[in-house]
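Trainee: Same order as they appear, the protein sequences are chains S and D. Residue numbers for the first sequence follow the working numbering, so the first one is 531 and each next one is one higher. Residue numbers for the second sequence follow the working numbering, so the first one is 2 and each next one is one higher.
Warning: the hint list may mix true and false statements.
What the hints assert, rightly or not - Label pairs and their computed distance ranges (CB to CB):
#	chain 1	residue 1	chain 2	residue 2	range
1	S	Arg1008	D	Asp100	50 to 60 Å
2	S	Ala653	D	Gly81	46 to 56 Å
3	S	Ala995	D	Met141	24 to 34 Å
4	S	Ala621	D	Asp100	34 to 44 Å
5	S	Arg1004	D	Leu92	46 to 56 Å
6	S	Arg856	D	Ala170	30 to 40 Å
To be verified - Take a look, some chain S residues computed to stay more than 12 Å from chain D by CB distance:
#	residue
7	Val612
8	Glu613
9	Arg1004
10	Gly1009
As the list claims (entries may be wrong) - So these bits of chain S aren't anywhere near chain D, every CB distance computed over 10 Å:
#	residue
11	Arg647
12	Ala936
13	His959
Because the hints were derived from the structure by calculation, they are not lab data. In this text, a Cβ means the ideal position worked out from N, Cα and C, and glycines have one as well.
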Amino acid sequence: MSSRPALPHGLRLDARKTAPLQHPLHAAPAPHVAVIALDQGSGEAAEPTVAAGTRVGIGTPIARAVGEAAANLHSPVAGVVVEVATRATVAGVGRCILVENDATDARDPALVPVDWRTLDGVALLHRLRDAGVAGLGGAAFPAAGKLALARASAVAHLVLNGAECEPWICCDDALMREHAADVVLGGQVMLAACGATRCTIAIEDDKPEAAAAIAAAIATAQDDRFELVELPAIYPLGAERQLIEAVTGREVPHDALPPAIGVVCQNVGTAAAVARFVGTGEPVVSRIVTVTGSGVACPGNLEVRIGTPIAELIAACGGYQDDPARLIVGGAMTGQSLSSDLVPTTKGVNCIVAATLADLAIRDPEMPCIRCGDCASACPARLLPQQLHRAAQADDRDALARLGLADCIECGCCDYVCPSQIPLTARFHAARLRMRLHDAERQRAAEARERFERHERRLAEQAEAERLAFEAARRRARGAGPT
Amino acid sequence: MSGATLLPAVGLAAGLAATIGAALGWAASRLRPDADPLVERIDALLPQTQCGQCRYPGCRPYAEAIATGTADIDRCPPGGEATVRALAALLGREPRPVDPQFGRTKPRQVAVIDEERCIGCALCLPACPVDAIVGAPRFMHTVIEAQCTGCELCLPPCPVDCIELRPPADLPG
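Kindly generate the complete structure, drawing on both the sequences and the hints.
Mentor: Below you can see the structure in the form of structure tokens.
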């Protein structure tokens, strides 16, 4: 164990993680109908490969990823596909595959353990891609894609992210306490897949039980490529770029990805999912979700099948109590409010908070900016939120780009410290959407211009060809001439 | 001053003139600026609908007219207020509303061909300034939604009025 320089910025927050950790990890009941959203929160929606009536087992592939930023989907239950229909999802509304559970929990017979030690890195990456392994920290980006880029960039250092800095969320803590060996095994598989030579497991120092379990697992594995690093509990240290800086002391350039400085980062939950895949052949069909908040009777960490409606997770934790005011998916700082508890769990859902009014920080009305600069001291991305805010209010795109709006990680630190209660992060998010709309429009205009120019050129060429043909015909007519 | 002392100076001057002249000539042919940069910058702010509502045959001719001062900046209904503002900022003029005689600003729309009624006459194909209509004589035509600018230029040539404009299905976001 060693300690490293921590973040220059960020916040110490009230973690509120103790209640769910009172109970051991337990499995939530499998849903009667699993609703698997084709959009799992990263990239484009997947393309279904099953239709109504298809029989599936646990782990049967049901949808193929489209593009590089999405992962394959597999059935989390055994049964029959009911339909592919539009349903409310965490992201809003989207197409979902509905699978009726026949309660047999029969696994797809094609699932067999993966002998990963005999496979070379590229083959292993293919297997991980097929298994739909996605970042279970919340981003749901395919792990194989990140590891493949790391392999191509000859990355030496794998960082497993067990920081889990955001208040309320403790699913990784529970996972590391109970499945530390899986985290280390998953790390070994990832090292083989990406070709890195050492692995750092980073944990915040408010999780001594998890750190002890991981230390013991590393000792048991007798793998000297592994190292445990305890970091101070400062939000948002679990954000990828911030964590890499805290662990390595080097900053990821703002316009590059971590492999540019020889590092690749994965969540500990993703590592455990990889271990499960190589051990049993089972693709990602479940994840651990923290269900917490004063509005739920018995907070806990649940092993949840992907596609389980959130209402069933609440029911598995004793149901609602004390009239919750808001249902939040994700943590206190970056989470989003849900309008319904009927939406299904996706690979990116790490935490559900049933928050009562007492849990929520009710904001006073917004006041003018007093230029105190507290936001700049808090910003972990080293931006100037006060200047960004002025530019966002003026919709000054050049200034927003110059001030680094694209580098904002929307962590909410500036909001939290703002004495004038200005909802800075929401403004930045809106400004970003406006920028994206504007860019899409300019892109469309540029394409239209190009097509128009080609159209004009073609018409001119046609006219010229016709004129030449006409003149040639006239010359011929004259040459033949009336006799 | 004698001719012997003058000669090197004259030679040097003549040599310099020849070298610089050759360099400038080469630069003029090889490093020619791309057309008129002002026209380019104005054109970049126009929506590229190519609808001709400004009474110029496309966005670029209108940009040229603005650059030469023959047209004002208030003639682009598809661009609306945002485009007028951007043009005003670029040219250092006062923004003003779009002149209604050139048309109304509408939300983005795309042309849709009613395939039941299309007779395959192919008259709309050359009318489309961005080649967004696919079809051939005596075959059904269809509009590529992603490439349609909603300029409405395909409406007048259609003999059976089977084209209508609708909001796009894919609102970007």
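Trainee: State the violated hints by number, sorted upward, taking the hints as numbered earlier in the document.
Mentor: Hint check: nothing fails, all pass.
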